[in-house]
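Colleague: Spelled out from the first residue to the last, the chains are:
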Amino acid sequence: MKKLGALFAVVIVILSCVSASAANPAYISANDPGTVHDLVVVKKPETKNSATLKKTYGITGTGKSGVKVAYYKFNGTSYISIKDSNGAMAQTTIGTANVFYKQVALSEGHNKFAVRAEAPNGTYQVEYFDINVLNQKILNNVSGFSNGIQSLYNGWMN
Amino acid sequence: MLRERIKSSAIIILIINLIFLTGQLWFDSSTTIGADTMRYIRTLPIVERIFPLQPEYSISKENLSRPRKFLINDGSLWMAYYNTDIGFSPIEERTSEIIKGFLSGDITASKKIDNTTWEAGLESLSIYVEYPVSFDAKMFCLIMGVDEDRAPTEISSLHDLIILPSSEESSICILVRDSADNDFYAYILSDRYKLPASDLSVYTNNNDGYYEPAFSTGLHLGEESKVSLSPLVLFSDSQPYTEVLLPHNLITESSRNRLLENFSFNPLSVTPYEDSDGASNYIANYATAKLYGDSFFEYSSVSDDRGILLDESGDAYNVLNASIDFAEKTWSCVSSEPLSILVTSDLSDYDSENAYTFKFDYYCNGRPVEIVLDEIPGRQKMTSAIEMTVKGGRLISYRQYMRSYNNVSVHMLSDTFVTALDDFVKVLDKEAKESVTINDIYIGYLDRGEVGEINAAWLAKTSDGKIYRYSAKEGNDELE
Numbered sequence: 002m003k004k005l006g007a008l009f010a011v012v013i014v015i016l017s018c019v020s021a022s023a024a025n026p027a028y029i030s031a032n033d034p035g036t037v038h039d040l041v042v043v044k045k046p047e048t049k050n051s052a053t054l055k056k057t058y059g060i061t062g063t064g065k066s067g068v069k070v071a072y073y074k075f076n077g078t079s080y081i082s083i084k085d086s087n088g089a090m091a092q093t094t095i096g097t098a099n100v101f102y103k104q105v106a107l108s109e110g111h112n113k114f115a116v117r118a119e120a121p122n123g124t125y126q127v128e129y130f131d132i133n134v135l136n137q138k139i140l141n142n143v144s145g146f147s148n149g150i151q152s153l154y155n156g157w158m159n
Numbered sequence: 065m066l067r068e069r070i071k072s073s074a075i076i077i078l079i080i081n082l083i084f085l086t087g088q089l090w091f092d093s094s095t096t097i098g099a100d101t102m103r104y105i106r107t108l109p110i111v112e113r114i115f116p117l118q119p120e121y122s123i124s125k126e127n128l129s130r131p132r133k134f135l136i137n138d139g140s141l142w143m144a145y146y147n148t149d150i151g152f153s154p155i156e157e158r159t160s161e162i163i164k165g166f167l168s169g170d171i172t173a174s175k176k177i178d179n180t181t182w183e184a185g186l187e188s189l190s191i192y193v194e195y196p197v198s199f200d201a202k203m204f205c206l207i208m209g210v211d212e213d214r215a216p217t218e219i220s221s222l223h224d225l226i227i228l229p230s231s232e233e234s235s236i237c238i239l240v241r242d243s244a245d246n247d248f249y250a251y252i253l254s255d256r257y258k259l260p261a262s263d264l265s266v267y268t269n270n271n272d273g274y275y276e277p278a279f280s281t282g283l284h285l286g287e288e289s290k291v292s293l294s295p296l297v298l299f300s301d302s303q304p305y306t307e308v309l310l311p312h313n314l315i316t317e318s319s320r321n322r323l324l325e326n327f328s329f330n331p332l333s334v335t336p337y338e339d340s341d342g343a344s345n346y347i348a349n350y351a352t353a354k355l356y357g358d359s360f361f362e363y364s365s366v367s368d369d370r371g372i373l374l375d376e377s378g379d380a381y382n383v384l385n386a387s388i389d390f391a392e393k394t395w396s397c398v399s400s401e402p403l404s405i406l407v408t409s410d411l412s413d414y415d416s417e418n419a420y421t422f423k424f425d426y427y428c429n430g431r432p433v434e435i436v437l438d439e440i441p442g443r444q445k446m447t448s449a450i451e452m453t454v455k456g457g458r459l460i461s462y463r464q465y466m467r468s469y470n471n472v473s474v475h476m477l478s479d480t481f482v483t484a485l486d487d488f489v490k491v492l493d494k495e496a497k498e499s500v501t502i503n504d505i506y507i508g509y510l511d512r513g514e515v516g517e518i519n520a521a522w523l524a525k526t527s528d529g530k531i532y533r534y535s536a537k538e539g540n541d542e543l544e
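These protein sequences, in sequence, are chains A and B. Sequential numbering of the first sequence, starting at 2, is according to my numbering. Sequential numbering of the second sequence, starting at 65, is according to my numbering.
Chain A with its partners taken away, still in its complex shape:
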């Protein structure tokens, strides 16, 4: 009976530790479906597959206050958490503004990212997305497009 009581106490302690440290893991698999889908909404990128000319990119989103958001980058096998400037896992807790924002560096070509949001009750949501960085040649061609606002004035410029 004493052994059972001790075992029960140990289990309680372990469980309480786990729940107290409810936080995002250091890495996640490439196809983690999560347990819920309503903790956060990724606002940028707007779609699962997007293209950009930017070399530094701000991942943004909205979510419920108190939800912890961590950011991951795919390394070929799994998604590894992105580190902040102190070398710690980049993780933020959504506050009163209900937003999250993280700048990430992009390399040319495909960049696979994931955002994992975990609620204080342990439920979590994972969002995967790819950001394709266009190369310099395309950038030069697209410069005309970016600069294309001037075409608005072509009618009255010439």
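It is possible that some hints are incorrect.
To be verified - Calculated lysine to aspartate or glutamate pairs in the EDC-like style (CA-CA distance at most 20 angstroms, straight line):
(1) A:Lys-44 with B:Glu-187
(2) A:Lys-44 with B:Glu-288
(3) B:Lys-202 with B:Glu-161
(4) B:Lys-423 with B:Glu-439
To be verified - Under 10 angstroms between C-beta atoms, here's a sample of chain B residues computed to sit facing chain A:
(5) Ser-140
(6) Val-291
(7) Val-482
(8) Asp-487
(9) Val-491
Just so you know, the hints here were simulated from the structure itself, not pulled from any lab data. Don't be surprised by glycine CBs; every beta carbon is placed ideally from N, CA and C.
Given the coordinates of chain A, work out where chain B should sit on it, guided by the hints.
Modeller: What follows is chain B alone, placed relative to chain A:
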């Protein structure tokens, strides 16, 4: 004979040494006695006549036209430069020439545009130029050294503009927002002005920081909150190193007399009386001067026509210049350091009675020092370093919080932009009765007149003119 020569040589060396050391003591402007002596000698009429004083302005009249920030979009990233950042000057030189061209009327076409086109301009390859305050268009021309008669007449007031680069097919295009009525205009410059798109990436090569305007983040705060964000609030992910400041009060026994003389009081003949608030009051020449402790000075004339004459023309531009000159002169009474200030009151909205009120704030390490001194008996609330009112060319009121700041150490900013934003939203949602917009979030200092070190913190400026501070260490404050 030899002994006599040695004696004479020793005496000559000693005399030379004596002259050298005395000269150092009296004339070295880094010492207190030296600075006083030099100031006295420089103000002697004969010296002034032979060597007319060339004022050295830390904020020269030309510097009035300095933008507050540039936001450069080179297609691959956004980069912001504040006016004290390394790398700001080359962009300023380049854009100044273009803006002068626009103000000179060197344009081939113009058109009224809508807000959507303005925002499209920001999304394009562009340089967004923001000035610290709103300028009356004519005054802005004069400050930029351009003939005011040639400027586009439809712009009455200017606070920001967007420069779109030139290409092989098109010239530089400038989008301007009239800050008085929020109308937008586009101008095509003549092809003598060039700004190839490829040059923009030269300015964004500094990767020390990356800023992203709110409109590009896809985030909107106003959906469930009374608080919304201006599209041009810059998101940042960095926690920069910032200097910790130690303030010093500047009014001493000797500087007090110089200060009084500057305001036409004779400190030898005017006897101050101490009021119940502990302030020293001087009354003479139809004016009063008050000194609170060793840091606050206030002057006011008893009537509009008895103030100190600064400028006879009554022209806004001349009055502004004369006011800055006077502020510089006043500062030189209490400090030998250059005065580092920036105009913080709009220069576009003037009293019909030819009265101008100017406000200036101190800048330290490229960051603004927001001063907030609460109202106490006998002294009104102070929310700028210097506040002065000029009417009919005469200074009728002048208030200054006379402090300088030394760097004592460097700390990493402990809070992130988003943490600060969370707190601003929390405070504003609680306080604001109506919807409110956060116009700017930036790093600065708050000086509440207390003793001790001052840390940099995130500050937010709202549409109702208030400033809020957030610091996890020191709590938050509503400043104005």
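Colleague: Which numbered conditions among the earlier hints are violated in the structure presented, ordered from lowest to highest?
Modeller: none
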